[in-house]
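Work out the full structure, taking the sequences as your base and the hints as a guide.
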Amino acid sequence: MLYRTVPKNQDQLSILGFGCMRLAGKGERIDEERAKAQIFEAIDRRGNYLDTAYPYHLGNSEPFLGRILKDGYRDKIKLATKLPPFSIKKQEDMDRILDSQLARLETDRIDYYLIHGLVEGFWTKLRDQGVLDFLERAKKDGRIINAGFSFHGDKDIFKEIVDAYDWEICQIQYNFLDEKNQAGTEGLEYAASKDLGVIVMEPLRGGNLAGRVPSEVESIWDEAEVKRTPAEWALRWVWNRPEVTCVLSGMNEEEHIQENLRISGEAHPESLTPEELQLIRRVEETYRKVMKV
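The sequence shown stops at residue 293 when you use our numbering, and every number in between is there.
Don't read these hints as lab results, they were simulated from the structure.
Treat the hints loosely; a few may be bogus.
With a Cα cut of at most 27 Å, we get these calculated DSS-like pairs of lysine-lysine [stated by the list, open to error]: (1) K227 to K194; (2) K8 to K159; (3) K180 to K155; (4) K194 to K159; (5) K180 to K70; (6) K26 to K36; (7) K155 to K140; (8) K89 to K36; (9) K180 to K36; (10) K155 to K8; (11) K139 to K125; (12) K8 to K89; (13) K78 to K140.
Given below as structure tokens:
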């Protein structure tokens, strides 16, 4: 497992993070024994970043993690969860929800506490309700260690949020089809220029870059001198960016976990060749043509 550094606190995060939005199971129900084994496998292989949120698995993700991590694994990882903007009507709600999350996770602190899914409306609402004062207070009393936000808006409001507070990290959607969507490459580079660690979600675009691959795309992948799966190409493209600190994968199949763990031990920044980057660019252009059809 490779690690990258969060600039503001010097934390060493595994470049592969375990996303807990799509845990093993059926629908929203968690197959607890299987999911526990998968998470422990990732931690035992030196993965150290777990990401969850208040509403994941209909609110069951946090309590599940609390139960399985309390017997020794909690101190091996950096735990991230999120404040849900849609549940906030006043600043007191922020404290109430954070305290309930600490209880659900059976922990005394959240290593990385993110404001969840910010777009312009949520940001304006929470800013006016004093969310930044809340974060400062929660950091001072030790309930949270680091503050961040996850983002789904456009790049202009992204920059405003980055500049509004001394965040340690941000979380953005990023993959080779989303260079210009949401925060995009411009946002990635802006956050890095402000010394934020950048956590990337949806590197496979919800699995669409690794599932049923169009034949036109498959034929391009087949041209590569080094043979890789579509998932590996997509992950390596994200990890190729030195600005990226950690990439989240919603891993729930043992085969995928093993593949991701293998790649995360090899994917150094700026390790793709110019020819490989050009190949990925052709794949991106072909996807866009197929999507238009």
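Violations among the numbered hints: Violated hints (numbers, rising): 1, 5, 7, 8, 9 and 12; every other hint is consistent with the structure.
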